[in-house]
Each structure stands twice: as C-alpha cells, then as structure tokens.
Amino acid sequence: MHDKTVTQLAAALNSGELSSKELTSHFLQRIEKADGTLNSFITVTAEQALTQADAADKARASGDAGTLTGIPLALKDIYCTQGVKTSCGSKMLDNFIAPYDATVVEKLSAAGTISLGKTNMDEFAMGSSNENSYYGSVKNPWDLSAVPGGSSGGSAAAVAAGLVPAAMGTDTGGSIRQPAAFCGITGLKPTYGRVSRYGIIAYASSLDQAGPMARSAEDCAHLLNVIAGHDVRDSTCVARGVPDYTETLNAPLSGLKIGLPKEYFGDGLDPEVEKAVRDAVKVYESLGATVRDVSLPHTHYAIPAYYVIAPAEASSNLSRYDGVRFGHRCKAPEDLIDLYTRSRAEGFGEEVKRRILIGTHTLSEGFFDAYYTKAQKVRRLIRQDFLDAFEDVDVLMGPASPTPAFDLGAKKDPVSMYLQDIYTIAVNLAGIPGISVPAGFSNGRPVGLQILGTHFAEAQLLNVAHQFQQATDWHLKRPAFAEENA
Amino acid sequence: MALEESHVRRAAHLARLAVSDDQANGFVDDLSRILDMVDQLQSLDTEGVAPLAHPLDATQRLRADEVTETNQRDAFQRCAPAVENGLYLVPRVVE
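Protein sequence lines correspond, in order, to chains A and G.
Number 425 in full-length UniProt numbering belongs to position 425 of the first sequence; there are no gaps in the numbering.
Number 84 in full-length UniProt numbering belongs to position 84 of the second sequence; there are no gaps in the numbering.
Take every hint as true, because none was put in to throw you off.
Simulated coverage check for chain A against chain G, where a stretch passes if three residues somewhere in it have a Cβ under 8 Å from a Cβ of chain G:
hint, region
1, 374-388
2, 405-417
3, 429-441
For the record, the hints were derived by calculation from the structure and aren't laboratory data.
Backbone N, C-alpha and C fix where the C-beta goes; we use that ideal spot for every residue, glycine too.
Between the sequences and the hints, there should be enough to build the whole structure, so can you do that?
What follows is the structure, given as structure tokens:
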C-alpha cells in the first residue's frame with residue numbers, strides 16, 4: 001500500500017478493495033515503526049486520523065465521497081490545525097494549540113482527506129536542510145547520513161519513506177522543490193496567490209506559497225485541485241478560476257518549447273546532477289519538444305535580493321511573538337521589556353534570530369533605501385528576466401539544486417547554506433510556479449529536475465512533468481529504507 | 001557597508017531580542033558575512049527601475065465595511081500564557 005500513489009490508492013478505495021481505516025492504520029503503523037529513525041513528524045494525530053477514516057468510509061458507503069475521500073496526508077507543522085499543536089518547528093510555539101484551521105487544512109478536510117499529523121521543518125521555515133528545527137534534524141531515507149533538504153524536510157522524508165502517500169509543504173525560497181529533489185519525490189510550488197496563505201504561519205508574506213509534495217505529478221494535480229482558489233481571508237490570494245488540473249495531464253508535448261537558462265548550468269553544478277538534467281531534457285526532445293538556450297541575466301542577484309526582502313518581512317511578521325498572547329513566555333519577567341526580550345531570546349533559535357536582526361537592520365533608519373528599496377528594484381529585474389524568457393519558450397528547465405542532498409552537519413556557515421538555493425529562490429521573487437521531479441541519482445542520492453512556467457501555468461507544468469513520468473521511472477524508485485521498514 | 005557591534009545592538013533593541021555580549025560578537029561575524037553577500041546588489045544599476053512589492057503587481061482589495069467576525073475571545077485566550085477575566089496579564093507598566 002505504501003508504494004502506491006494517491007491516484008492508485010483513491011482507485012482502490014473507490015472499488016472497495018481497501019477501506020480508509022485499513023489504509024490509515026497501515027500508514028500509522030509505518031510511522032510508529034520508522035519515524036524514530038527519520039524524525040519526520042513532530043506530532044502524530046493517530047486517534048483523530050482513525051476517527052476521520054471511519055467517517056470517510058461511512059461517507060463512501062453512502063455514496064457521498066469525492067476523489068480523495070479517505071486518503072491519508074501529512075501537513076507541514078506550519079499549517080494551523082484546530083486543536084492540534086502547531087509549532088512551526090520552534091520552541092516559541094511548542095505550547096501553541098491552534099484555535100483555527102488554515103484554509104488549506106479546511107479544504108483538505110472538506111475533500112475528505114485524513115491528516116496523520118504534522119511534519120518536521122526548519123524553524124519558521126528558515127533553512128535548507130531541516131537542521132534548524134527545535135525538534136531535531138530529519139534524516140534522508142535514501143541515506144541516513146544526508147539531510148532531507150528544507151524547510152519542508154519532514155514532509156519530503158515522510159513521503160519518500162512511504163510513511164504517508166503525500167504531504168503539504170510551503171515554499172518561500174525553494175522549501176518544497178529542494179527537499180522534493182533531495183528525497184526523490186515530486187513537489188509543486190504554485191504561483192504566488194494561487195493557494196490561500198490564511199492560517200499558514202507567516203515567514204515572508206510576499207514570497208510564501210503552499211503546495212503539494214507527492215509521488216507523482218498526477219497526485220500533485222489532484223491535491224492542487226483541492227487547495228487552489230480564491231479566499232477572502234487572504235488579501236493576496238488571487239480571484240481567478242481553478243481549472244481541473246488532471247484534465248490536461250495527457251496533452252501531447254509535440255511543439256513544446258523548452259528553454260535552458262545558461263546561468264543554471266554554471267560553476268558549482270555537480271556533474272552528475274547536470275548529466276541527469278540533460279538526459280531528462282533529451283527525453284523531452286524524444287517526446288517532440290524543442291530546446292534552446294536562454295539567459296536569465298540577473299540570476300546571481302537573486303540570493304542577495306532574497307536575503308534582504310525575506311528577513312525584512314520576517315522581522316515584521318515575527319514581531320507578533322511577544323510572550324503575551326500566545327507562545328513561549330519567560331519565567332518571572334521584571335518588566336514588560338524584559339518579558340518581550342527574554343521570551344523572544346529563549347523562544348527563537350539562532351537562524352531565526354539572525355534573520356530578525358538582518359531584517360531589522362536593513363529596514364532601520366539610514367539603511368532602508370540602500371537595502372530594502374534596492375532589493376525591491378532588483379526583484380523587478382529578476383521577474384522581468386523570466387517574463388522575457390517566456391516570450392520565447394513555454395517552460396524553463398534546469399536542476400532544482402546544484403548538488404544532491406549534502407551530509408548532516410556539512411554546512412555550518414549560514415552563507416554557504418543560503419547559496420544552495422541558487423536555482424529555486426528567483427522563482428519566489430518572480431512569483432512564478434515551479435515543480436521538481438525525480439530525474440536520476442548522483443552518488444546514490446536523488447536528483448531533481450526543476451521545471452518553471454509563467455504565472456498561473458500550473459496545468460502546463462503538471463502536464464509536462466506527468467509526461468516525463470509516463471516516459472521514465474525515476475519517480476517509481478524507492479529507498480531501501482522504505483522496504484526495510486515495511 | 002561594514003557592520004559594527006552598535007548596529008547589532010540597535011537592531012536587537014528594535015527587535016526586542018535579548019542578546020548577550022558573547023552572542024553579539026557572533027552575530028557581528030555572521031551578519032557581516034551575510035551583508036557582504038547582500039552588498040553585491042550595489043553593483044547593479046537600478047536607475048529608473050520601480051521597486052516591486054508584489055510579484056503580480058496586485059493592489060489591496062477592499063471589502064464592504066461590515067462586521068464579519070464573531071467574538072472568539074475565549075478560544076483565542078486559551079493559548080495565552082496568562083489571562084484573568086478576559087484580560088492578558090503582563091508585568092505592571094504604570095506605577
């Protein structure tokens with residue numbers, strides 16, 4: 001069961017071959033057995049999951065089931081979930097029981113899916129290795145000495161290890177696509193504004209976006225069908241119709257114009273990663289696509305611009321954690337300032353503090369124009385690079401990350417960690433969608449092919465990714481860990 | 001733009017973050033390296049480029065001025081560290 005895609009499991013539920021209770025119990029047992037090693041979950045909600053599974057089975061019996069009714073999922077611990085601890089990977093929120101559901105959670109429940117629990121993540125989604133979690137690092141099921149990527153590392157590791165068929169992540173600078181690449185699964189970051197951010201704990205509000213992480217593009221299409229769409233509770237969520245993303249999965253790719261950004265094949269790219277990506281592009285040529293080189297000339301300014309804009313927004317967003325209304329409060333505060341400063345110093349980890357300080361500094365008097373305004377101007381140039389490229393080609397392809405998963409503890413310097421996100425971060429600044437699909441291995445660790453499209457091109461990305469998965473079997477490879485823990 | 005300890009102290013104060021002397025030194029090093037990387041932006045000519053705040057250039061949507069939220073004070077205060085009679089408790093600020 002744990003080998004199957006959401007699409008296959010939904011068919012088994014529909015035919016009566018399987019009940020949601022059986023399916024849910026199976027995955028809960030796998031979590032029980034394997035997650036002591038992986039540490040991919042912060043909270044497992046077994047009892048609630050089994051209750052929901054019973055309800056799903058009843059709904060199905062009475063003919064009241066949708067496509068995904070009874071499918072177990074996991075949620076990154078950044079999604080507020082009513083009555084369940086929602087920690088965001090932080091000591092600050094270790095005691096926070098969310099009083100409401102995020103819109104995404106509400107929509108997934110309404111679609112009849114079952115939540116098995118909340119997955120591990122870098123604290124406040126700040127990180128690329130999941131090593132910044134208050135709850136400890138997560139191991140990569142392909143190689144237990146490697147990181148799973150971040151910040152949605154728990155979701156990626158859990159799906160790769162077959163502890164859950166699919167999971168929800170969020171992506172502010174690559175946090176869905178990079179862990180999906182590192183763990184050999186499929187991860188989609190939708191267009192900014194495609195999915196509601198309501199109830200998703202904010203990191204950088206002009207960049208954050210929610211998306212699915214699963215075993216196939218087809219599964220991502222089913223999940224996007226559920227979560228996409230307008231929400232009055234998120235003022236940046238776009239009022240625009242949602243197509244059925246599964247309908248166009250089988251559109252032929254003949255005549256598809258693929259661009260390869262030359263900046264995505266430069267220094268620092270692992271040769272085996274490059275080979276896997278170029279081999280994938282050849283598969284597309286055999287499917288009738290044409291390929292040309294393109295340029296995104298401002299690529300190298302994306303990380304500098306991001307590390308002004310994201311920390312600036314974070315420093316503002318995280319000011320809400322004051323030890324007064326919710327979250328960690330220090331013991332025996334002397335006065336109100338002591339309450340604020342000590343609660344925050346105790347509740348936040350090192351990386352979060354760094355970003356709060358950077359953001360506060362760059363927004364402060366005397367520095368604002370040189371940093372923040374400058375970065376916003378560069379952001380426009382970066383977006384324009386993509387818009388210009390999409391005048392000539394339909395999609396862009398390249399690696400999701402310059403290397404496969406690196407070793408736990410390998411990157412101690414924050415800047416060297418930041419530079420890992422060179423191929424994913426510009427996408428968030430531009431607000432366009434991107435998907436990472438498994439495309440091979442480097443040194444036994446998975447490689448992700450990243451496919452980018454213009455704003456609201458999710459249907460096309462899913463079609464292009466799905467056709468690759470019809471022609472190759474990289475997405476069907478499973479780590480030995482998944483079987484050893486069967 | 002070189003970063004000094006006074007900048008870290010000022011940012012820590014503005015962000016209401018307690019920082020010890022040892023930590024302050026560590027932050028000066030880390031933040032300096034981050035800002036050195038960020039300073040690459042200064043080499044780019046952005047004359048005449050308008051700042052981009054929202055990737056879709058959207059503007060704030062307005063809604064009708066109607067009450068839509070119900071009072072959920074009890075639910076929201078259940079996760080508060082200290083409350084009494086519906087009020088949040090903090091150290092005395094006025095003697």
